[in-house]
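Q: As they're listed, the protein sequences go chains G and U.
So that you can map any letter, position 367 of the first sequence is 367 in this note's numbering, and since no number is skipped, the others follow by simple counting.
So that you can map any letter, position 238 of the second sequence is 616 in this note's numbering, and since no number is skipped, the others follow by simple counting.
If you're looking for bench data, these hints aren't it; they were derived computationally from the structure.
As the structure is a computational prediction, the values presented were derived from the model and not from experiment.
Virtual Cβ for every residue (Gly too), placed ideally from N, Cα, C.
Hints are all accurate, no fakes.
Simulated crosslink set (DSS-like; lysine-lysine; CA at most 25 Å straight-line):
#, chain 1, residue 1, chain 2, residue 2
1, U, Lys528, G, Lys340
2, G, Lys335, U, Lys528
3, G, Lys24, G, Lys263
Where chain G lies over chain U, by a calculated footprint (3+ residues, C-beta under 8 Å):
#, segment
4, 454-463
5, 467-473
6, 482-494
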Amino acid sequence: MSLDELMTTDVLQQAQHPYYMGIKYAPKDYEFVTPDEAVDWQWSVDETTRVAIADYGITVSRLEDENRFPEQVAAFVRNHQANKYILQHFQQQLSGLKIIIPDHVVIKQPLNLIIDLMNSQPGAFTIAVLLGEGSQLTLQQTINMHGAATQVSCVIIGQQANNSQLTLATAIKNQTPMKVSLFGTLDVDRDCQTNWSLVPDVYGKLLGDVAINLNGQGSTAKLNAVKIGINQDYCGLQGSVNHWAPHTTSRINMRGVLFGRSKVNFTSIGQINHGAYGSDSQQEGRLMTVGEKAQGTVNPLLIIDENDVNAGHAASVGQYDPEELYYLLSRGITKQQARKILVYNFIAPVVHELDDNFQKMVVAAVEKGAGEDLYDKV
Amino acid sequence: MAELIIDHLEVAVADKVILNDVNLTINDGEIHALMGPNGTGKSTLSETIMGNPRYQITSGRILLNGEDITEMATDERARAGVFLAMQYPVEVAGITNADFIHSAMDARDHHEAVPVLKFLKALNQNMAFLDMDEDYADRGLNEDFSGGEKKRNEILQLMMLQPSMAILDEIDSGLDIDALKIVARGINEMRSQSFSCLMVTHYQRLLNYVVPDVVHVMMGGRIIKTGGPELAKELEKNGYEGLEQDVKG
Chain G
1 MSLDELMTTD VLQQAQHPYY MGIKYAPKDY EFVTPDEAVD WQWSVDETTR VAIADYGITV
61 SRLEDENRFP EQVAAFVRNH QANKYILQHF QQQLSGLKII IPDHVVIKQP LNLIIDLMNS
121 QPGAFTIAVL LGEGSQLTLQ QTINMHGAAT QVSCVIIGQQ ANNSQLTLAT AIKNQTPMKV
181 SLFGTLDVDR DCQTNWSLVP DVYGKLLGDV AINLNGQGST AKLNAVKIGI NQDYCGLQGS
241 VNHWAPHTTS RINMRGVLFG RSKVNFTSIG QINHGAYGSD SQQEGRLMTV GEKAQGTVNP
301 LLIIDENDVN AGHAASVGQY DPEELYYLLS RGITKQQARK ILVYNFIAPV VHELDDNFQK
361 MVVAAVEKGA GEDLYDKV
Chain U
379 MAELIIDHLE VAVADKVILN DVNLTINDGE IHALMGPNGT GKSTLSETIM GNPRYQITSG
439 RILLNGEDIT EMATDERARA GVFLAMQYPV EVAGITNADF IHSAMDARDH HEAVPVLKFL
499 KALNQNMAFL DMDEDYADRG LNEDFSGGEK KRNEILQLMM LQPSMAILDE IDSGLDIDAL
559 KIVARGINEM RSQSFSCLMV THYQRLLNYV VPDVVHVMMG GRIIKTGGPE LAKELEKNGY
619 EGLEQDVKG
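Work out the full structure, taking the sequences as your base and the hints as a guide.
A: This is how it looks when you write it as structure tokens:
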């Protein structure tokens, strides 16, 4: 199906700005006008990854070079045709990367993929990852935004075939304030394991909606996110796992530390659909508000249409635990250091899922935020 | 030096007066026991000496080695040499036990880094002395420690930090006899002319293993009686009620 067939005038007219419970974003922030200019970008990998790509027959290709609109991308558009931003994204020239991992390929060492965007105009960037049956992969994607563009839309599309295991980490980094939207979906077949960590190190505003669909029975998904809010950052992020098959398991863990005047809204959704009996969906969303003017909300949602299931959620928004702070101080540790320990303690469950480079990125963000708030109140 | 003077101390929590005109002097090298029934202000006194912000000093002073620490913040008091072994130590999973103790030692030495090898040697020695398994060093601070392990870990911190004045708030409660002996061994190891200690306890049992120089009895937010180690034995025999009548009579 071509793109024109998907995006008919009717579809375009009926599309709306998405509604996310508890996420208060300004719709205009993530809208942009087509500059009709290709995104200026490049991808690179380290030596280990280069060798692995060659050895295991992994295909990495630019979406710009595709002759036809890739079917996985078309399916994504079809499933999201009510979302105005996603239609906007695919009205731009198609830019991005398609990564295909063949069946029965087990890659132990983590692969690192770096994407540098250098566009000066608003742009849309798409990544598709297709993991073959029985394959195992750890993939770390870093999307660096260097250009002067003030708006960028990212779409990540993933598919996992039966019995595969994927550990995916996605970091987004930029230098100047930017408005970034991120939409991602990972479709998972049966008996799979999925672990997706998001590190939106976005300076400026971020609207994000990422979802994992557990389509086949016996699969397990973990969805983690860590956001360090600095200055006037805004982050509205929804993370969801949809259980479509029996005996599927999900864990959502979202943590945010809010420095300065930053604002964060986290929404997590565990949805167990009819027929997904024996499923287990647990979610946790926590924010630590360090900046006195920082604001945050956490909205955990469980939507359950099946009887024989397990589900639970935990949520919190607050400052440091005064008892923990006191204990550290009682050993002579200074207030600023004690606060920093408690910040790291707070994000540890999510940060421990990340590899060193990504951990360093989070630490750098905390140090930057700490410069504002952990010191001057001492 | 290790001298603590509590001078006419009055303390309130949420505007309710808990401690009333408490006076206490602990001289260099002395170990004092503070006994008394539940809810009489023993923990309040411990926490107030450490500077817990929940407790407000409404009058009186606390002097450590001649220096007035009444207005000092908790971390400053700690660096001045006060240590509180807490009744319920909290868990902070994000920092390992070893890193935490090392950081505290660095802070005590005004951020002069304590050399790693020297630190590890001392840590291993003290852990062996307290019969603690090596892997407790790399576990999160108090993370999933049992009640007894937490208490032992408080004594480990005491031995590593070498404060001049330690307050041990019910260090003996919830310990079986073997663990109690180990904890007592740690406290006795600290005994010296440059270390003084206030042990808060309900039970006489601890005092069989750590023999105090002075015993105080606190009731109703005041110290009502002070004596030698025999006072603790008398208490065990006659109970606090007997003592109360004795004092009133």
